[in-house]
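Engineer: Going down the list, the sequences are from chains A and B.
Numbered by the numbering used here, the letters in the first sequence go through residues 344 to 709 in order.
Numbered by the numbering used here, the letters in the second sequence go through residues 400 to 566 in order.
Possibly wrong hints are sitting among the right ones.
Footprint (simulated), chain A over chain B, 3 or more residues, beta carbon under 8 Å [said to hold, decoys possible]:
1. 412-424
2. 454-461
3. 479-490
4. 509-518
The following label-pair restraints were derived from C-beta to C-beta distances [as the list claims (entries may be wrong)]:
5. 344(A) x 460(B): 38 to 46 Å
6. 544(B) x 344(A): 53 to 61 Å
7. 544(B) x 533(A): 25 to 33 Å
8. 442(A) x 557(B): 56 to 64 Å
9. 524(B) x 678(A): 32 to 40 Å
10. 447(B) x 354(A): 49 to 57 Å
11. 454(B) x 525(A): 52 to 60 Å
In short, the hints are calculated from the structure, not lab data.
Predicted model only: the values in this text are computed from it and were never measured.
All C-beta atoms in this analysis are idealised placements derived from N, C-alpha and C, irrespective of residue type, glycine included.
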Amino acid sequence: MSLAAIASKVGAGEPLSLADGLALFQHPNLVEVGALANQVRERLHGSRTYFNRNLHINPTNVCVSACKLCSFSRRSAHDAGAFVLGIDEAVGKLRARLAAGDRVTEVHIVGGLHDGLPFAYFTGLLLALKAVAPGIAIKAFSAVEIFFFHRLYGMSIEEVLRRLQSAGLDSLPGGGAEILSPRVRKAICPNKCEADEWLEVHRTAHRLGMKSNCTMLFGTVETLAERAEHLLRLRDLQAETGGFLAFIPLPFHPENNALGDKRVPTAAESLRTLAVARLLLDNVPHIKAYWVSLGLATAQTGLWFGADDFDGTVSEEKIYHQAGAQTPQALAPGEIARIIRAAGRIPVERDTFYGLASPVAGEEAV
Amino acid sequence: MSPTANADIFGPGREALALARAAFGGRGFFVSARALPADFVRAPYTFGEPEAARRDRLAALTVVNHPIVPTPVGEPQGLDTIAFFAAGRSAFPAAHIVVDLELLGHKLGQLCLSFGADAIVGMIVDQRALRLGERAGSNELTRDEAAQLLRASGFEPCEGLPEGRGP
Chain A
344 MSLAAIASKV
354 GAGEPLSLAD
364 GLALFQHPNL
374 VEVGALANQV
384 RERLHGSRTY
394 FNRNLHINPT
404 NVCVSACKLC
414 SFSRRSAHDA
424 GAFVLGIDEA
434 VGKLRARLAA
444 GDRVTEVHIV
454 GGLHDGLPFA
464 YFTGLLLALK
474 AVAPGIAIKA
484 FSAVEIFFFH
494 RLYGMSIEEV
504 LRRLQSAGLD
514 SLPGGGAEIL
524 SPRVRKAICP
534 NKCEADEWLE
544 VHRTAHRLGM
554 KSNCTMLFGT
564 VETLAERAEH
574 LLRLRDLQAE
584 TGGFLAFIPL
594 PFHPENNALG
604 DKRVPTAAES
614 LRTLAVARLL
624 LDNVPHIKAY
634 WVSLGLATAQ
644 TGLWFGADDF
654 DGTVSEEKIY
664 HQAGAQTPQA
674 LAPGEIARII
684 RAAGRIPVER
694 DTFYGLASPV
704 AGEEAV
Chain B
400 MSPTANADIF
410 GPGREALALA
420 RAAFGGRGFF
430 VSARALPADF
440 VRAPYTFGEP
450 EAARRDRLAA
460 LTVVNHPIVP
470 TPVGEPQGLD
480 TIAFFAAGRS
490 AFPAAHIVVD
500 LELLGHKLGQ
510 LCLSFGADAI
520 VGMIVDQRAL
530 RLGERAGSNE
540 LTRDEAAQLL
550 RASGFEPCEG
560 LPEGRGP
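Isolated chain B (complex conformation):
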């Protein structure tokens, strides 16, 4: 049984979205980086693991002044991922909860912006090539596209994280 089975996703989702919008005054952030910045902290989750294990792992993340990056181990599942983002926001209401675009892709990534995330990190460029041939699976976004992802989720887009980064 997966941690999302028979769960109401909307209760935690409502709370996570409200907390994320309140955390930075309605601002959402995009960070251009080829590799994850050194002070970002990964929070791994595995499909099908018990909910209690996730809660314990989140509780053990004491680095609340660092941006937290939910990180799927293996192929990310849709509902499982948004449930983990919502749990992360609930555990750390004032932290940056960050979408790693390279791992989640921009579609699932944007969805996480409605379930607790307030920031995205990945290859964000001025111009990107069409997603054809070898680039078919590319998750690069232009700055306009990154801003639009945030705006469409109700955030005012800002490039880079604010000084201090944490609460």
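Same shape as in the complex, but just chain A:
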């Protein structure tokens, strides 16, 4: 399939095929692929580029999954560096941000699969955070964690989600998707939930009225065809439920884990992945250039390669930094806005659900 033929389909609003996706991943000219993705990005969002004020909390790094791709986890609570955050400690992080005058609108929570914690720890954590800031949105627990809770606590996926929702859960993050292929999952994360199970968690969450994000970890052992298939599986679920808000491609970082002989995907590979995602995922509203994982320069450039979201202020990101990420631990809102403006884009501060959180000072109306 030629790029011109693909461009014609994109222009007509026709969904792209697996063969189209593969052709885009293999096309020798990154600039042309980027330009095509940018057309779609600008058709959907103009120059608007979203970010939010968020706080990352990792309740524990103790994890029974022992994935080869992970630099964050500890197998046992007794291992060096293992931690479980007390609920007061977690709430303290939010209180500190609020006390400093930071208008945080979202708490993002992901952690290890700890088999020694009661379910009440997680509902208690949500309730305590909401008690401190009732208006804050809590985006918590990847589908892998939800599926683990279902197995560990003997509840259906729906029951797990309903109970967490009652305690304050608003949406799900997109982590743990890795590559939705049995072959790849067996190679890099054999103890995590299966691809179909990951999708089923999101399907159930969407049915309960929750929104979620979706991701793809690329650069481990997957083929380009498996990347394209992954994107189409996400598109199929989105066609069914409409519950995904954003797609976030995550380049693999190889340091401090059992896949350390792999290289970090290049900036060109990351930009191409953003672009191909924008073109294949025509029904997912937002594509995120997650600055923590891409690096600031690549993420900024990604705003011209299909991405319309830069993620948020973050603070205390641990998972990527333990895998060798060189990015800062946090960015101030003004710094994010400056980076977005320097890219010739318009910064828009959003809430979790892409409502306008507040206008950016001095910014034109959008």
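Knowing the structure of chain A, use the given hints to seat chain B on it.
Structural biologist: Structure of chain B alone, referenced to chain A:
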């Protein structure tokens, strides 16, 4: 307002990539050097400076037979950097436009290979240590990695610059 604000990066990018690939018959080059070779010429650029100032500075570089190394003053910005590389290629279609890996890093550096650069210079070694601890920020590349960066950007990788170096 930055020089890239509201700019279409793809028009200049398309032209720069085509010129870079044509300049040396599709070949791209990697040069192993701890310090920049003496005959390479730095072309400084500053984030946020007016586009006209950049054009004038490039036009003043009359040393077209020497490899030109776009050099950020301060922290390099992504779009700003690729815009300057594209402008450099446009100004000097037949010269070597070189990425300094030590200044730009290998990720942003490779991106410049899609926006006008045809060569990279830096510590290119047979084997490198993992980027851990004090070496976390190291920009060393192995020869295979350097060749792969060039190949992934559509160049046929070659070690060292060809004799004569310029057009």
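Engineer: Now look at each hint and say whether the structure bears it out.
Structural biologist: A quick look at each hint next to the structure:
Figure legend: the region 412-424 of chain B, annotated as covered by chain A; annotation consistent (3 residues with Cβ-Cβ distances under 8 Å, at least 3 required). With 0 residues bearing a CB less than 8 Å from a CB of chain A, the region 454-461 of chain B misses the requirement of three and the coverage assertion fails. Under a criterion of three residues with beta carbons nearer than 8 Å to beta carbons of chain A, the stated coverage of the region 479-490 of chain B is upheld, 3 such residues being counted. Figure legend: the region 509-518 of chain B, annotated as covered by chain A; annotation consistent (5 residues with Cβ-Cβ distances under 8 Å, at least 3 required).
Between residue 344(A) and residue 460(B) the Cβ separation comes to about 42 Å, which falls inside the hinted range of 38 to 46 Å. The beta-carbon spacing between residue 544(B) and residue 344(A), approximately 31 Å, falls outside the hinted interval of 53 to 61 Å. Checked against the hint of 25 to 33 Å, the C-beta distance between residue 544(B) and residue 533(A) comes to roughly 29 Å, which is consistent with it. Between residue 442(A) and residue 557(B) the C-beta distance comes to about 58 Å, which sits within the given range of 56 to 64 Å.
At roughly 35 Å, the beta-carbon separation of residue 524(B) and residue 678(A) lies within the given 32 to 40 Å, and the hint holds. Here the CB-CB span from residue 447(B) to residue 354(A) is close to 36 Å, at odds with the stated 49 to 57 Å. The given range of 52 to 60 Å is respected by residue 454(B) and residue 525(A), whose C-beta atoms sit roughly 55 Å from each other.
Taken one by one, the earlier hints fail for this structure at numbers 2, 6 and 10, listed in ascending order.
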